[in-house]
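2 protein chains.
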Amino acid sequence: MFQNYSDPGGPELGRKHLPLLRKALTRMGLDGMIVPHEDEWQNEYVPAAYDRLAWLTGFTGSAGAAIVLKEEAAIFTDGRYTLQVRAQVDGKLFSYRDLVEGGPAAYIRERGAGATIGYDPKLVSPDSLDRLKSAAEAAGAKLTPVAPNPIDAAWANRPPVPLARVEPHETAFTGEDAASKRRRIGEAIGADGADAAIITSPASLAWLFNIRGGDVARSPLPLGEAVLRADGRADLFLAPEKVTPELRTFLGNEVALRRPEDLPEALASLKGQRVRLDPASASAWYFEALENAGAQIRRAVDPVVLPRAKKNAAEVQGARDAHARDGAAVSNYLHWLATDAQTGKVDEISACKRLEEFRVETGALKDLSFDSISGAGPNGAIVHYRVSTKTNRKLGRGSLFLIDSGGQYKDGTTDITRTVAIGRASREMKDRFTRVLKGHIALARVRFPAGTTGHQLDALARMSLWEAGLDYDHGTGHGVGSYLGVHEGPHRIAKAVNTVALEPGMIVSNEPGYYKTGGYGIRIENLQVVTPAAPIEGGERPMLGFETLTLAPIARDLILKPLLTKAELDWLNAYHARVWDVVGPQLSGAAKAWLEQATAKI
Amino acid sequence: MFQNYSDPGGPELGRKHLPLLRKALTRMGLDGMIVPHEDEWQNEYVPAAYDRLAWLTGFTGSAGAAIVLKEEAAIFTDGRYTLQVRAQVDGKLFSYRDLVEGGPAAYIRERGAGATIGYDPKLVSPDSLDRLKSAAEAAGAKLTPVAPNPIDAAWANRPPVPLARVEPHETAFTGEDAASKRRRIGEAIGADGADAAIITSPASLAWLFNIRGGDVARSPLPLGEAVLRADGRADLFLAPEKVTPELRTFLGNEVALRRPEDLPEALASLKGQRVRLDPASASAWYFEALENAGAQIRRAVDPVVLPRAKKNAAEVQGARDAHARDGAAVSNYLHWLATDAQTGKVDEISACKRLEEFRVETGALKDLSFDSISGAGPNGAIVHYRVSTKTNRKLGRGSLFLIDSGGQYKDGTTDITRTVAIGRASREMKDRFTRVLKGHIALARVRFPAGTTGHQLDALARMSLWEAGLDYDHGTGHGVGSYLGVHEGPHRIAKAVNTVALEPGMIVSNEPGYYKTGGYGIRIENLQVVTPAAPIEGGERPMLGFETLTLAPIARDLILKPLLTKAELDWLNAYHARVWDVVGPQLSGAAKAWLEQATAKI
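Sequence order for the protein chains is A and B.
My numbering puts the first sequence at residues 419 to 1020.
My numbering puts the second sequence at residues 419 to 1020.
Be aware that one or more of the hints could be misleading.
As the list claims (entries may be wrong) - Which bits of chain A does chain B cover? Going by a derived footprint, with three or more residues having C-beta under 8 Å, they are:
hint	stretch
1	821-831
2	948-957
Stated by the list, open to error - In silico contact screen, one side only, chain B against chain A (beta carbon under 8 Å); selected entries:
hint	residue
3	A674
4	A886
5	G956
6	T983
No lab work stands behind these hints: they were computed from the structure.
Note that the Cβ used here is the ideal one computed from N, Cα and C, for glycine as well.
Model the full structure from these sequences, guided by the hints.
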């Protein structure tokens, strides 16, 4: 099984490890240390060997930081983790602080007078380092870069750093060979007035070289770095343990494979050159290294980010294939939920496991694309819920069950949320479900001109909830990679301004929701791909639109039909007809019979 | 009559005046001069005495600039004026250039080598001056501030500068006395860390001191300036000719009335003080004067802008009253259009005049709020159309007529667009009209949470057009003043990002449209005011919404009923019922009978 339901954190960790770090700091002549949650690649799933914050404090949330001083320490988390941090971190050792309102910089300003505080330059962005430095200056503290990270030395039985074999990703899936990618991205770098770019994002590395790795859970990322030159030649830094002779051949003569420990020397050799570097993904360490090398730094977005987001025809076809396969697994699962899981005795973990089994049965699953969110009743209302043995809850009758999950397949990455009734749903539940569905349909049906960005479309998914005095506190859509990260920019559909226009080939989720605290959660999520501008009969301007990729029934028994307009009903019926056409032939027996009814016209 | 249908510009002006300016420049030792369209207050309607660009070139559009060198000259306009500039400006004297793609700065960079070029520092913003200066430096040209403006001296028979009497605006309309406004804005200035703010926007002046003037067409603006101190005391700079003893008494002891020629001295006296100044409204002259004075400039938005936009209860009630009155005038007019104007013999100018008569008959009209856009057939498709004797066109049968107009009343400013059929409309016209109406209704009905900005709502008004491959190339809504400017920020509903959240009391237009070049134009415009956050039955979060202010029937015979959803029909019927309730009692005879039918349920 891929998903793990234990909870590895807890206050014991901080009690054991905080004194060890303090001892190490004293040996190094330091009074304190800043410990962010992030690893040096800003992974969403941080490999165990790099989860220094969890080791130090016991906190396992997805965002946070700690600061350790001689006599005191603090942990910083955001509103999502108010309860979790108190359960996992000993409040006698760490004071609980808000990450958003000031964070470590405010703490240093307040309490850091006279202290010499260490930081790992590979773990902080240049912008946050600037903030920390000016706070230290104001407080009369001193910030010192430390390498290697003192935690790594103090960490007894540290899990091994991931060294998974890196494999070529076939052109059948990528649609463009790596040499062509290197050349066109190199040209763009040159056209922008730079001689080279440093690529530090593992997803960009994977896309650019058509490689996939296994260093990180839930996403086939190879951890490494690259220097791409304007002529398309590149240095690729990968631990030798990850490299096979086949990979070497696949990469070809224009890619020099080098060891990670050669990276500083490679950066030093860029003296006098114009080097593009993305402050959103590269740490302060790179900026310092290039400045010391005498390179001219050009701050600009990672040149791979936009091309990676605009999927080509092969990638879009791969996404269709992956979703057809995944849709069959999910439809089998929805049949199971509609029958075997209606007893009231199934729990969130077993419901998660059952879905994983259906996906494994496809024979093509490489990994989940994220840990499933399996929320029964009130747990469904916790937006960032992850079930553990401690929180596991039965799918009781008369409640809603929300399941948000996805798979990694070589041809594509999926992400789908369905909400189903266990027993009878209340009229309020149906009203909310129908409003969420109306928002989903509005965003699935919309046509829009080139240049439109996600923040322009976000309200379409919320209108029907707003009308009833309701809303949801998360974005409406995130980008998705192609057998890569399930959360992948630069585009996004949300209230917040996003200046990246939606372009053909971009995959984005459509996932409005409604959450009643202590009651239930509803979310309906499909992935959809932006379709090329197409003329509309009788129209004057070609419009972009969306093709829905995800194929699994939406609970008909939760819909209040009179709330839907004719256009909305037409969309739903056409969608279900597609689900039946594509998924039906992959199902058999009772599941198939159930699907026919679940996708019937309403 | 208020509106003038002659076209004062034309190539003769440039032929006569360009040599005069060149002579004046030579006398001053200058090789050239930059001549923007703007006056020093950035008025939308530039008083004749300040329309230096029209005098120099013959161009009368609402945006543009010219540059004059010894041997050549150029005029810069945007896409709206491609045809007009060629008709009004002699191409042998001025080359036609694009204002947006580079403008005067690009011209200087290209052609200015060695020249000493004058500019009037009161007519350029600090940002555009920076661009001009770096262009001059790159070209090896020299920019020199000149005062007074050499055009004013060369201009024989220059119209007198406006000196209209400034009058108090009663608290019954403003809802807050000026002393209270000065104190709370002063406090905000102080809280922001400044000692004083310079107010250069005439609309801000009018709002802050509760005064109205007559210096500018279509908007009761007093031209002048003020220094407002953090303690609420102010210096107000007005030409003495505009000031009556009553005004002096009304303004009170905390406002020192001073002459415009004292302004430089007043700025000089701010030495060492922290002075707030808005680079979006104050010219480079202010920045230079304050820098020379040794003041600390704080660049920040004019502190009056946001409070001015958020109308209080008295202003909102005034707007309702003004719209009830204006709605009756417009309804009488729509009756006239539906009957007398159906002959095919009425023309755009007489249609304009007839509407003006109905508004004058209210006995309360102070001015139009802008020159009416009266577009018959293909002229309706020209978004910025202004009828003149040269372009005047008959309202032919089988066509659409678009009329966009508004009135200035002491209790409020109105702005309404209606589109009506003359004779029989085609099915295509009705389809487009209904789609525009669907967009209008979506934006009228929407409820939204606090913090929502205009760019988040804009798509609601376009969705139905986008669906058919159509769109319109203008914003969806602009702010409107309270017996002030009909275009008044800072909020806006448009595709472009606007970071100002919609707040209760803000008035905004709702005006989607459709334009078929060479065919017809459609626009449906009502003003609406943001209503305070109100709980919704069964809802969880109070939502803001809109109350429609404009009251006049929307052409029922142009609606394809099957295209409307039930919710849309309900909105339309409820709106028409309100029109009948409020406007009906003000009408009589045939007009009243017509209104009853025009507002009947469909």
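Check: Okay, which hints does this one fail, numbers in order?
Finding: As far as the earlier hints go, 1 and 3 are violated by this structure, in ascending order.
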